[in-house]
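Novice: Read off the chains here:
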Amino acid sequence: MKIKVDYIARVEGEGSVKFNIEGGKLKELKLNIWEPPRFFEGFLVGRKFDEVPDIVSRICGICPVSHMTTSIRAIEKAVGFIPSLEIKNLRKIMSLSQIVASHLVHLYMLVLPDYHRLDMLFSRENPPSPPFTKGGKGGLLEEIKRLIRLKEAVNNVTAIFGGRPLHPVAMVVGGFTKIPSRDEIGKVIKGLESIKGDALDTVKMVSKLHYPDFRNNTEYVSIISKDDYAVNEGTIASSSGIEVEEDDYLSWFQEEEVPYSNAKRTVMKGRGSIMVGALSRLNIKFGMLHPEAKKAAEMIGFKILGKNPFLNNIAQAVEIVHGIWECIELLDAFSIGNYFFKVNVREGSGSALTEAPRGMLYHQYELNKKGIIERANIVTPTAHNFMSLEESLKKLVNENIDKPKNELSLLCEMLVRAYDPCFSCSVH
Amino acid sequence: MNQLKPLKARIKDIKLEAEDVKTYILSIEGSFAAIPGQFNMVGYPGVGEAPISFSSIVRNKCFEHTIKAVGRVTGFLNGLKKWDKLLIRGPYGRGWPVNHVKGRDILLIAGGVGLAPIRPVVQMILAKRELFGDVSLIYGAKNEKNALFMNEFDEWGKGISLHLTVDEVIQHPPVSRLGKGGNKGGWKHNVGLVTDLLDKIRIKPENTFAFICGPEIMMRFICRGLLMMGIAQSQLYVSLERRMKCGIAHCGHCQHFGLFVCKDGPVFSYDEVRGLPDGLL
Amino acid sequence: MCGLCGELAKAPFRRSKKLVPKETFFLWLDSLRKKYKLIGPVKVGSQTVFKKLNSSKELFMEYESTMFSPGKLFIYKPKEDLLRFSINDEIAIDEIPPISEKQVIIGVHPCDTNAILYLDKIFLGAYKDPYYDVRRKNTIIISLNCTKVSLNCFCSSVGAGPFLKAEAGYDMLLTDFEDKYLIEIKSRRAEELFNIKGKRVGASELRLKSEKEKSLLSSFKKTINVEGLDELFMKNIEHPVWQYTAEERCLSCSNCVMVCPTCFCYDIVDETSMDLKTVRRFRHLDACQDIRFAEVYGGNFRQRRAARLRQFVSHKLNQTSQYGVLGTVGCGRCITWCPTGIDLTEIAKEIQKS
Amino acid sequence: MEKPRLGFFKYSCCAGCEFQFMYFQKHIIESITSFDIVYARMLKRGGNPHGPFDIALVEGTITESWQVDELKKIREQSKQLFAIGSCAIDGGIPAIKSTMPELEAEKKVYKDLSTIHSIRPHSVDAYIKVDGYIRGCPPGERDLHEALASVLTGKKPAFLQYSVCVECKLKGNICVLVAYNMPCMGPVTNAGCGALCPSMNRACYSCFGPMKQANGPALARKFRLMGLSREDIIRKFTEFGADTIEFRRVIETYED
Ligand SMILES: Cc1cc2nc3c(=O)[nH]c(=O)nc-3n(C[C@H](O)[C@H](O)[C@H](O)COP(=O)(O)OP(=O)(O)OC[C@H]3O[C@@H](n4cnc5c(N)ncnc54)[C@H](O)[C@@H]3O)c2cc1C
Ligand code: SF4
Ligand code: SF4
Ligand code: SF4
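Residue numbers (my numbering), protein chains in the order written: chain A, 1 to 428; chain B, 429 to 709; chain C, 710 to 1063; chain D, 1064 to 1319.
The set of hints was computed from the structure by calculation and includes no laboratory data.
Quantities reported herein were computed from a predicted structural model and do not represent experimental measurements.
All C-beta atoms, glycine included, are put in the ideal place defined by N, C-alpha and C.
Fair warning: there could be bad hints in the mix.
[As the list claims (entries may be wrong)] Listed next, the in silico DSS-like pairs over lysine-lysine satisfying Cα-Cα at most 25 Å (straight line):
#, chain 1, residue 1, chain 2, residue 2
1, B, Lys-509, D, Lys-1066
2, C, Lys-788, D, Lys-1219
3, B, Lys-436, D, Lys-1219
4, A, Lys-145, C, Lys-986
5, B, Lys-450, D, Lys-1136
6, B, Lys-691, C, Lys-986
7, B, Lys-691, B, Lys-433
8, C, Lys-986, B, Lys-509
[What the hints assert, rightly or not] Quick partial rundown of chain C residues pointing at chain B, CB under 10 Å, derived from the structure:
#, residue
9, Tyr-975
10, Arg-990
11, Gln-1028
[What the hints assert, rightly or not] If you want the ones that stay clear, here's a sample from chain C, every Cβ over 12 Å from chain B, calculated:
#, residue
12, Val-758
13, Asp-803
14, Pro-839
15, Leu-902
16, Gly-1007
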């Protein structure tokens, strides 16, 4: 029996899963990310350093801020610019607000339909998804309205500092070109305060979904810091205790081409598959979460080192709470001042690692003395997850090999979605 | 009074005149008067407004607009049905100097939808035929499917002399709607350019006034032709088309080198607009 | 009946002149705040902007020029809601009344005062624009004669400055006399409102005033001779200056038109709500430099960039038949704010050369 | 009344347009309930990619030849087809690649080129007729709104077509090009963003693409006078407009 899911829906970008079952056994499984490659690393060469954030933000329509911050940090390292604490905090606000927004999109629009038949809203022509349902008792409109409230409040945060929530413009190498007035900041704080309840409801809603029982064998990786729940800066840590400095990334991680996929896959040299993203972050640095997020996690009985990738969704919901509360605190402490410094160009190279919504994101640049990019290297969360995802898919198929074809392929799709891959990013 | 605030008009009836061209018979509450050559801003909420000439004289709070669907506003209006409402404001502009030409010979020359603003002049002349001298209408359309008011021509022909032409005749489909059948696909008139028809008519230049409406480039050639025939510049009147947003000389779109087509026109005597920059006359 | 304020012309008011210490004048200004919104030039970074004032202390009366003229910001508006439609079974039409706050604009330079008088001709002519009309009536204009000539000013060549000559259509005129203002009352309501005594102005002060004007007049760097320009333009419709300026320099960005204090053109736009039930109709400034401006079905009367540039420049310098006056007030804004510095006075000179 | 059938198609891009459409903020309920969303891969499983559609929205640059075939089929099946976003309209960011010698970008990214089938990136209207352009990166809310409301009411949409400068002035911003000497692309860029960058104290980088008949060379000359190098100028005009007639005129002048 050959099964092919040609175009996995409700993920960002284009990818397919193909597998072949012979005599009740899985013979072969391939995750093919067939979205056409876009060659960012190619055409970034020859561009000027200050254009890079604007260009790389177009790698992804969900996590533009992550690509911007990562590239900005890498370039600032290359030219030896050290941003002030205020600028760092502001970048953290940007990243957190975007992580929350991305998780919201993922949970409500991409994941929920699997459990919930949200699809029905969109068309008469399409049959609803097969039922894996629990919950969703007619409260659909309620949920969409909640999503809109949440989304609007966090997008407003990204927008007042960045100019717009998608592909912001005020965040540049050297800081922020403009900062909003006290009044405007007061308004977004109010907005965030008003969605606290909605955030907790989201955690409850997500915790009630009926997740397939499954465990993967993979190493969880994220960045950590002793000061905070690291998002934009930190050292690499894994669930098996490894700690690596950001600058040593390349000696530990290796990117390789996959013959049947346009996306590359990244592994930890000599160690095998890794998983990055919300679940990994929670597994590794649960202790650094905002107390309210911890409370929310405890309320639903979330356990550290959950090995079920489907629970990534719960981890995301907990991070939503963390992001909102932490943003409020950072915004409360925000002081008006100088947020932009002119950066002097010089020859150099620099790299940076951040936590994008979907996990660890790496950018590395070499600049010549005119500030022109000579080499660019970008490793996305989806590349980090690629191998783990493929392995998990194999394991999932083997464990459910007796299920009917439809159900099996849907299960696979759901697993893919739980990893929250971004195919557009992966073929940057 | 806020000139930009429109009135509601009800579509009492719609006649299909030609391809993409419909005549809307409108009625409004309250008194309303307009002279031939003036126009309304016609529109609908959410779509906008377009300047449209009166294609009939106003009678019992009723008047007509004949509109060709070419863009956003006119395309939308084309989809409206009998009894729907639309918005109008007006009348605006300077019309044809009909009273000024009483007792004189009149040449009415139109091309395409340009016949719409000429029709109320015809109606006025026919109503008081004895007040005017010789009256001829020269009308050219792209083809017989594009010719307007064909079913009224027999009636008009009783009072004024008609010279009709099309650039080309389309045989298919047969044009039964035109009334009289016959050869040339049902077309019993001329084939060729309007300007060619000029050669066929005989006029007394000193006593003749011409009212012309059509594409500007056509009007250019007609005016040149009429000048050659000896009519004075000041006896030629043309109606110009420009983009308009307000109709009251505020929005500036229709400016034609110091003139506002909406307020100073749309009807101009030829010597007022001849040779102005950005114009074709 | 006074065309502007609608008052019946009673006995003529006294066009008095007085010398008032600046301090006293500003105190008086602040006292108006209870009843009026005060608007005046305020320094913002390296620029000056006409803004609402909280106190006369914010005023920067020594300013040279602003990007937007006060008339186009506070009497005519760059953007303004006109109507709201609701569409259910019936179409309902609601007028959006203009906000008719009483306001005082302080420090309006002669060019900008003249520009307001020009806008009056358009919006208070045969058809009155009710939105403009209400604001115009509710605005007290306190003009200010210039003390400096900036790089692109040429008001002296077109009779619009640097000292204001118009006698009516505004309320007060200030001339800077170091620590005092020479204040001239130009309307009845100003006479009623300005109850400050002040020192009487005699012949010596008037002489001083005209000396100040003379010394300014000699410092203009930009000039233009508008004599016979109308005819000359008409004779040179296809002068090459249009073509090469348009192609080599004009960006069709419309900045010139937007900052011009006498450019009045607007576009009307409808915006439908997503539930399709309400429509907002508003207008905003439009520009003849824009490619769509003269587009109609089947053609565009100013398809060529050169034709659009010519329309703008000639509407400012020529086409005087339209309102009987020049379209330019010599403020030089279109030169200053044109990214490539296209200069209408230079264009005119090119044409005059031939 | 039947709801208009809508299809959303994605080619090479960041999918930001689809997100902008989905999360049209307050309008989302109206926009998703007023349309019959027949195909939108990021919103739903399955769906019918074959049409017919009353309105098709196409995002992304065309970078592989199979996309062209698909595009032509979509066109045949659609009453109205709008290109949405700078990638689909002007080639956008992916078209920067066409400023490099052939295969150079490819070689920098992949060792094994045997599986790469990229063609030169082009806008959607290089292959099919497009009924309208919902410009921006991401698309401006005003034009997106105009497009959707127009389809629902059956009128021709009126998209913004003037320069960013007009919006900038309507907002009352001080011009960053003239006053602060920043190399702003606003004068040649199509409006729709609300003059976002100048409002945030920085120069426009033309993410909405060139406005119709923009005079690129004239602005390039101005930049040159401001001290920008040829390379700087080429970069300004190729970030979002490498595949457009308006900006290619600049590139051709300044490349030797
Ligand atoms: C005084 C006067 C009287 C008239 N009388 C009549 C009459 O009796 N009957 C009649 O049928 N017509 C008449 N017209 C013409 C009529 O006004 C126009 O056909 C009408 O304004 C077109 O409006 P629209 O909104 O339908 O078209 P628009 O959508 O405005 O488009 C018209 C054309 O202009 C161009 N265009 C406009 N806007 C844009 C844009 N934003 N982007 C790109 N292109 C654009 C296009 O080329 C388009 O084809 C008259 C015009 C005038 C001035
Ligand atoms: S036509 Fe042009 S120059 Fe004249 S007022 Fe209008 S925009 Fe200004
Ligand atoms: S500001 Fe200058 S470049 Fe822009 S349209 Fe006006 S004249 Fe042309
Ligand atoms: S100003 Fe220019 S770059 Fe900035 S958002 Fe607008 S179009 Fe894009």
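Novice: Hint by hint, say whether it matches the structure.
Specialist: Checked hints:
{"no.": "1", "hint": "Lys-509(B) x Lys-1066(D)", "result": "20 Å, holds"}
{"no.": "2", "hint": "Lys-788(C) x Lys-1219(D)", "result": "24 Å, holds"}
{"no.": "3", "hint": "Lys-436(B) x Lys-1219(D)", "result": "22 Å, holds"}
{"no.": "4", "hint": "Lys-145(A) x Lys-986(C)", "result": "21 Å, holds"}
{"no.": "5", "hint": "Lys-450(B) x Lys-1136(D)", "result": "35 Å, violated"}
{"no.": "6", "hint": "Lys-691(B) x Lys-986(C)", "result": "34 Å, violated"}
{"no.": "7", "hint": "Lys-691(B) x Lys-433(B)", "result": "18 Å, holds"}
{"no.": "8", "hint": "Lys-986(C) x Lys-509(B)", "result": "19 Å, holds"}
{"no.": "9", "hint": "Tyr-975", "result": "5 Å, holds"}
{"no.": "10", "hint": "Arg-990", "result": "7 Å, holds"}
{"no.": "11", "hint": "Gln-1028", "result": "4 Å, holds"}
{"no.": "12", "hint": "Val-758", "result": "26 Å, holds"}
{"no.": "13", "hint": "Asp-803", "result": "9 Å, violated"}
{"no.": "14", "hint": "Pro-839", "result": "5 Å, violated"}
{"no.": "15", "hint": "Leu-902", "result": "30 Å, holds"}
{"no.": "16", "hint": "Gly-1007", "result": "7 Å, violated"}
Consistency with the previously given hints fails for numbers 5, 6, 13, 14 and 16, ordered from lowest to highest.
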